[in-house]
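Model the placement of chains B and C on the given structure of chain A, informed by the hints.
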Amino acid sequence: MPRRYKVLTGLIALSGSLTLIFTGELNPVYYPFLFLMIYGYIRLIKNKPQGSRFVIGLSSIAGLFIFFIDAFLITEDYLVSVGHLSLVFHAIKSFDIKEPYDPLQVYFMALLQLVVASEFTTQMLFGAIIILFIFLFIYVMIMAHHIKTSLQLGLSTPLEARGLKNSLILLVISTVVLSAVFFISLPRLKYGLWGKSHIKGIKNAGFSERMDLSSGELKLDPSVVMRVELRPMIKGPHYWRGMALDYFDGRQWSNSFIETRKVLNRRGDEFLLRTQITEDSIEQEILLEPVDSDILFLMDRPVSINITAQRLERDLSGTIYLPKKGARRIHYIVRSSIQLLPEDKFHPQYLQIPPSLKEALKPFTEGLVSGIKTDREKALFIESFLKKNYTYSLTVTEPPSGVDPVSYFLFEEKKGYCEHYASAMVLMLRAIGIPARVVTGFSGGQINSIGNYIIVRQKDAHSWVEAWINQSWLRFDPTPSELTAESEPPKLFLYLDYLKLKWQRYVVSFSREDQKRILEGIKTLTEEINIIIKDSIILASRAIKRAISGVPVPLFFLVIISSIILGLLSLKITFLKRPSHKEVSLYYVRLKRLLKKRGLPIEDSSTAMDVFNYGLLSGLPEEELEEFIKIYLSARFGEKKMDLKHYRELFRRLKRAQG
Amino acid sequence: MKITREGFRLLLATSLIGLASLNTGNNLMYLILSVMLSILLLSLMITYVNLRGITIEIEPLDDLFAGKTSRIKLRYSKKRSILSSRSLFITTPPEGLIRILDYVDILKPAGSIERIINVTPLKRGMLGLNGRLILKTGFPFIFTENSIRPELKGTLLIYPALKDIDMLMNSYTSKGKRPFTGERDFQKIRQYRYGDDRRFIHWKATAKAGELMIKESAIEEGQRITIFFDNFRPPLLETFEESISFAASLSSRLIEDGYYVRFITCLKTIPFGTGMEHLRKILDHLAIISPSDDFSCLIDEGESAGRSILILQSDSSPLIRFRESAERIFYASEI
Amino acid sequence: MNEPLKRLKSTLDSIILGKEDVTKFSIVTLLARGHLLIEDIPGVGKTTLAYALAKATSCTFQRIQFTSDLLPSDIIGVNVYNPEKRDFEFKPGPIFANIVLADEINRTNPKTQSALLEAMNERKVSVDRKTYELPEPFMIIATQNPVEYYGTFPLPESQLDRFMMHLRIGYPEPEFEKKALLKGSRFEEIEKLSPVIGPEEIMRMQAIVSEIKVHEDILKYLHEIILATRRHEMIRLGVSPRGGQLCLQAARAHAFFNGRDFVTPDDIKTVAPLVFGHRIILKTKTYITDATEIIREIISRIPVPV
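Protein chains in written order, with this note's numbering: chain A, 227 to 885; chain B, 5 to 339; chain C, -19 to 286.
Extracted from the complex, chain A is given alone in its bound form:
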């Protein structure tokens, strides 16, 4: 084996194993096998002796034993344990590469590792690894080809493949292109069979059915939650509504409408949220990272949602639920109305307030809004009051026991974060009789100027207020804007994030709908080309018209009509001339095939006479066979009329005789 072949084999094993390790799903206990493998390959490259059969066999059995224990007792996850096994296997195999074909097992194992890893990660890095793998695999396969060739030629030293660089580059490029074509065109099931997913969701998106007023540790997490493309792109701040909370027990908020979930009507993949269709709408194409939640985030007043899902549900608070927690990346398109729309009915729950708090808040709030007439102005006043007089802070001291967090925020601490602001405002509104609710979701985000989309991160999690005023829910945000304006991140980051968006959008969440869209795109493209052709024909005809404007009209028509007649005539002639021998030949060809199957030497160059003679040889009845062939010949080459029924009957009889 040439040295390069060994190095490449080692590299393939290494890339497969590293991919698996980087997903972070494997138990670090297995990592030493990686180093063992590297050691094995170094020995191989240095032409050190390989392990003895006995030791290799023994360790293989041990490896399998560990695998079963792993799979059934320790991890109880076959995928993870297969990943573990692959590391062990690579380590053992690295000491046992003797035959030129041994590396094939290594490649297949590395392939398996990639397959396992694909279940663990959706990172863009994976794509890069695939390209690397293509390169290594093709390189090593070309080398394997030359090794095989030298074996066939009986050479002791392998052939050195000369000038293969071009072939290699060409092959890699064509493989990548072809893979893209395959990737796009391979059939996909609509929902997948959704096996158990192994991708771990981001631990918590700050959403649950409850909102605790005591935790704020997630607020600085910069990991990306979703990427949104807005059409049209409107100025922020944008609010991505998640869940509305209505019930406050003194410590935490919860959604009491959660049991009122109803399945939404659908039209294909489009879920309709409103019967009225509004024209002015904003389209949001959202790519949601795996989140430990079953709630969809979207702008206020959604009209429709396009998503590939078995069903969608909505409760009375307007929260939209997926059928199950999205452990996968989800891609959906929402259209939201920009006009205020008449909303669902008012519910008394939205006035709920713990009695002790009501006592404290009612006079305080009434004092604030005295003299203000409309509910809307009152709400606006409270919003600005909170914004002005309270300090935004993520470090909040725990309220002493017995004191509820809202009163503590309002009257003692006077600083807090969005949840405090929102809770305070909702309770203040409720105290003066205005129905209100806390809404959790995301707000803001960073605009990526390269792809013109919004990156929403974990730290953009937010809560705000909705109040029922004039028969519709209005949004208020009492939280002061953060003063520290974020500086634009480096360009490289923006590019990378843009790539990541495209990777997530067009590779990881590529779907049947995308396939459909591509097909339609091709269709419209051809249609456009047709239109262009038509246009040019029209233009040309205009030009001709101008050119022949001097010619008398009757003559012009004469020419057109006669050419049409001529064209039709020629068509008709070809129709008449076209031999109708298809069916005639069909049965004859079938007979030929029958005889050929029988083992008779019937070739393409056999004539009817040969068929006849061989037919007799194989025991076909002479009379029928002769008649059959006579009919065939006279219809086919004499172009005589024939009794097709009789002909078919003859064929059937012959076929039966053939048995």
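FYI, nobody ran anything at the bench for these hints, they're computed from the structure.
Some hints could be false.
What the hints assert, rightly or not - Cut-off 27 Å, straight-line C-alpha distance, at most; resulting in silico cross-link-like pairs (DSS-like, lysine-lysine):
#1 A:K822 with C:K200
#2 B:K157 with C:K200
#3 B:K83 with A:K391
#4 A:K866 with C:K(-14)
#5 A:K856 with C:K(-11)
#6 A:K871 with C:K193
#7 A:K823 with B:K6
#8 A:K856 with C:K4
#9 A:K391 with B:K140
#10 C:K200 with A:K856
#11 A:K856 with C:K193
Said to hold, decoys possible - Far from chain A by the CB rule (all over 12 Å, computed), these chain B residues:
#12 M5
#13 E99
#14 L126
#15 G158
#16 I205
#17 K219
#18 E242
#19 S253
#20 G279
#21 E281
#22 E338
Owing to the predicted nature of the structure, the values given are computational and were not obtained by experimental measurement.
Idealized CB from N, CA, C, for every residue including glycine.
Just chains B and C, lined up with the frame of chain A:
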């Protein structure tokens, strides 16, 4: 087109990945599947295209005799195309007359490569019309293989093996003596006929008569000998081959000894002549002669005049009628 | 097969035993207005065939033995001075017959050969600027000795091209040979033959034959065969366009002979080796004796239209 053992393994792995992708709907798995499929497809396509447009010319550099190692020239050329052909094997089918194993690393578009190789033909016959060469490739990977019988230009004629026939012929010829070199007795001058030795044209007489005239000598008549070779199908085919080999050796020997040899079979008459070119004529015929079942042997009775040697397959042959006039008779079974 | 043809065939078969193909192709050539070249050793029945064919069709028959001293005028005829009329009078040669047997055509000099071949092709002869039409039907059956004899003038390829078919008779099968021996002289038998068909009938059939339908695909098939002879590695010169036309004509006659009014691939496959065999020129470096075998080999590789 053939998928190798490794190819089937890859195919199996690919279909497993295909099932897994369908089951999970995981697009990254689809990505791996796509890569595997495209590698397979490319392998198939390239293996197929690799053998397109290649022609092989074959040319003997020496006279080829069965069982004797000689040189032949192979010339591979490729038509104009985009891709080069790489890693080509050239072999012969197992039932062929010769064994060739050659390897070409790269054949560029519109380019050609020449090889001179030694071959030891297994038996007499002609290569080119029936026994074609095999062109094989597995490029680029080890998953697929393709082999075709490419367009073959040129023919190889393999003469029957020449054997030492001293044992049988000792009494007959005088090895190494060349009776032509000396003075020749004139007997008469006659018209030139096809097959006469041009050295003996009598130019004076030619000028007088206005057509070619030739000296005919007494020695020449004595040195003329006819070999009748019977190609009627014998009961045993091995003896037929033996007799062909013998006929070839005999002709070679007689010509070497300076005889004018005429060679007659049921298929063809090769008139009197001598020299290497003449021997080749006889050998050409012997290289491809095959046993015939046809009783219609086209030999005139008058041909039996003069000295003749008869090589017979069996007594049932139509050539048996020349037995009386033959100086010696060899039976194929006795050779 | 139509009735008179059937009778003609059986009559010929009763004279020439065991050579059904030879008699068939002779009739086919006659129907196709072609000429026949028979390459064979003496004594296998060439003369018998020609004579019997003439007798059975009540055609006039002439036999020309070609020798080295034969002159063109010996075949075509000469102008002889007639003292009574004080003018030259054309004395027609033996070629003025319906069926002419040109025996051992390669024995004579090229000049005489070409005179015969010209007459054969033009179906008329010119003597002293006067043209004389040859009788119809007109068919030449030429024979040639296959072995390379001295003092022979093998016909050049260009002249061989004039013959429609090239046949070999060969020795009769042993059983037929015995029968023939018992039968005694065949010439007496032929003399006693009563005609089964007349020259006018043959001319009528010849007219029908040239009208027989040939399907486009058949033409394509034939063309493929011709192209293959031109491409074949062992052939220096493939079949000429004239060869193709003659083959088509022969195929038509063969179809007619078999009672069809259209040509099938079988017709082509049957006649092509006989029509093309003598039309191709093999490369000197190749060593196959029989060109018809190469033609057969070529045909066996060409797909038949279905």
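Hint by hint, here is what the structure shows:
1. A:K822 with C:K200: 25 Å, holds
2. B:K157 with C:K200: 26 Å, holds
3. B:K83 with A:K391: OK: B:K83 and A:K391 at ~23 Å, within 27 Å.
4. A:K866 with C:K(-14): Within the cut-off at roughly 25 Å; holds.
5. A:K856 with C:K(-11): 23 Å, holds
6. A:K871 with C:K193: Distance ~26 Å between A:K871 and C:K193 Cα, so the pair holds.
7. A:K823 with B:K6: 22 Å, holds
8. A:K856 with C:K4: Holds: A:K856 and C:K4 sit about 21 Å apart, inside 27 Å.
9. A:K391 with B:K140: Given that 27 Å is the threshold and the Cα spacing comes to 23 Å, the pair holds.
10. C:K200 with A:K856: With Cα atoms ~21 Å apart, C:K200 and A:K856 stay inside 27 Å; holds.
11. A:K856 with C:K193: 16 Å, holds
12. M5: Non-interface label on B:M5 holds, nearest chain A Cβ at 16 Å vs cutoff 12 Å.
13. E99: 18 Å, holds
14. L126: B:L126 clear of chain A: closest Cβ-Cβ about 20 Å, beyond 12 Å.
15. G158: 25 Å, holds
16. I205: Given that every Cβ of chain A is farther than 12 Å from that of B:I205, nearest at about 51 Å, it holds.
17. K219: 55 Å, holds
18. E242: 28 Å, holds
19. S253: Per Cβ check, B:S253 is outside 12 Å of chain A; nearest 36 Å; holds.
20. G279: B:G279 is indeed farther than 12 Å from all Cβ atoms of chain A, at 43 Å.
21. E281: Holds: least Cβ distance 39 Å, greater than 12 Å.
22. E338: Answer for B:E338: holds, closest chain A Cβ roughly 39 Å.
Going through the hint list in order, the structure satisfies each hint without exception.
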